[in-house]
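Undergrad: Each chain, letter by letter, is given below.
2 protein chains.
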Amino acid sequence: MSLSKRIPVFLLRLLALGASVSATVVMVTSRDSAEVFNMKFDAKYTNSPTFKYFALINAIASGYTLILLFFPSKSSCGHFILVLDLIIALLLDSSISACLAIGQVGKNGNSHAGWLPICGQVPKFCNHVTGALVAGFVAAVVYFLILLYTLHNVMNLFTFNG
Amino acid sequence: MSLSKRIPVFLLRLLALGASVSATVVMVTSRDSAEVFNMKFDAKYTNSPTFKYFALINAIASGYTLILLFFPSKSSCGHFILVLDLIIALLLDSSISACLAIGQVGKNGNSHAGWLPICGQVPKFCNHVTGALVAGFVAAVVYFLILLYTLHNVMNLFTFNG
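Chains as they are written, first to last, in numbering that gives the first Met the number 0: chain S, 0 to 161; chain C, 0 to 161.
Any given hint could be a false lead.
A pair counts as met if it fits within one copy or between any two copies, since identical chains are not told apart.
For lysine to any residue, the following SDA-like pairs were computed, each having C-alpha atoms within a straight-line distance of at most 25 Å [unchecked claim]:
(1) Lys106 / Leu83
(2) Lys106 / Leu55
(3) Lys51 / Thr129
(4) Lys106 / Phe40
(5) Lys51 / Val140
(6) Lys39 / Ser110
(7) Lys43 / Leu55
(8) Lys106 / Met154
(9) Lys43 / Val20
These aren't lab readings, by the way, just hints derived from the structure by calculation.
Turn these sequences into a full structure, and let the hints guide you.
TA: Next up, the structure:
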């Protein structure tokens, strides 16, 4: 890939790094407590396997993006990196969807299953999780754009030669 | 793409069609009822927005796959179809992750949030949802394979010509 084609990918990766680091930090630091019926109730991300999964995936995405930013790969690795980008995009997509599903129950509850909403009791926790979700969503969209851009470059060559 | 390269994609799409149709049908027909404290409790997929989302995405994936199977595209649409395949893979991935997150709460509950597990009361419903998730997972994996196969073909050309 030529330098002029590398710069947009570099900038997109920088944006993805910022977003995924923010998502991890905001999720990990989300914490609130409430007293319900004289029982102290601590809300933190480790209470839900889904929120732990979200933090883990965003940390992995941050590490992966950091490595690619500071150790630019040889052109011959393009195939391999495209597949890794695809896997990271799928993982980010999966972590956000899972978190959104749980967050929706946290916000609105589910009367059919008898699950009460908890955001009224621990608003600070819910706001933090919402922030983390927005940052994670940005990271996922940026990875989708990186994929589209790479495919566009590869396929143009394909059309040109084929 | 030559005929010998089209056949594996055709077979993979056939498998994806079977899996996504099964996922939709199994999810939509999942239903069970239980009596808790003399209150009749009906479990069905429309009780949760996440399960409705899962059924919708799998129906969309089925329709899309069906169209591609019976109206084979021209080679010039390759670019466009690769991007559509990517979007379908991301949507399937997202619907399964969201359903898994809710299913995990349905099975184990979440003691911190006071959400009780419901699978003990409505086992038939939970088994149906599990079946739908397995079928949806197969569809997502098959779409991932379709993407890898297409990228492999495109990138090989890239290496050969570049």
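Undergrad: Against each hint, give a clear statement of whether it holds in the structure.
TA: We went through each hint and held it up to the structure:
1. Lys106 / Leu83: For Lys106 and Leu83, the Cα distance exceeds 25 Å both inside one copy (34 Å) and across copies (32 Å).
2. Lys106 / Leu55: Classified as both: same-chain Cα gap 23 Å, cross-chain 22 Å, threshold 25 Å.
3. Lys51 / Thr129: both (15 Å within a copy, 22 Å between copies)
4. Lys106 / Phe40: both (17 Å within a copy, 22 Å between copies)
5. Lys51 / Val140: both (21 Å within a copy, 24 Å between copies)
6. Lys39 / Ser110: The answer is both: 24 Å in one copy and 13 Å across copies each meet 25 Å.
7. Lys43 / Leu55: Within one copy only: 15 Å inside, 32 Å across.
8. Lys106 / Met154: Neither: 43 Å inside a copy, 45 Å across copies.
9. Lys43 / Val20: within (18 Å within a copy, 38 Å between copies)
Checked against the numbered hints above, the structure violates hints 1, 8; every other hint is satisfied.
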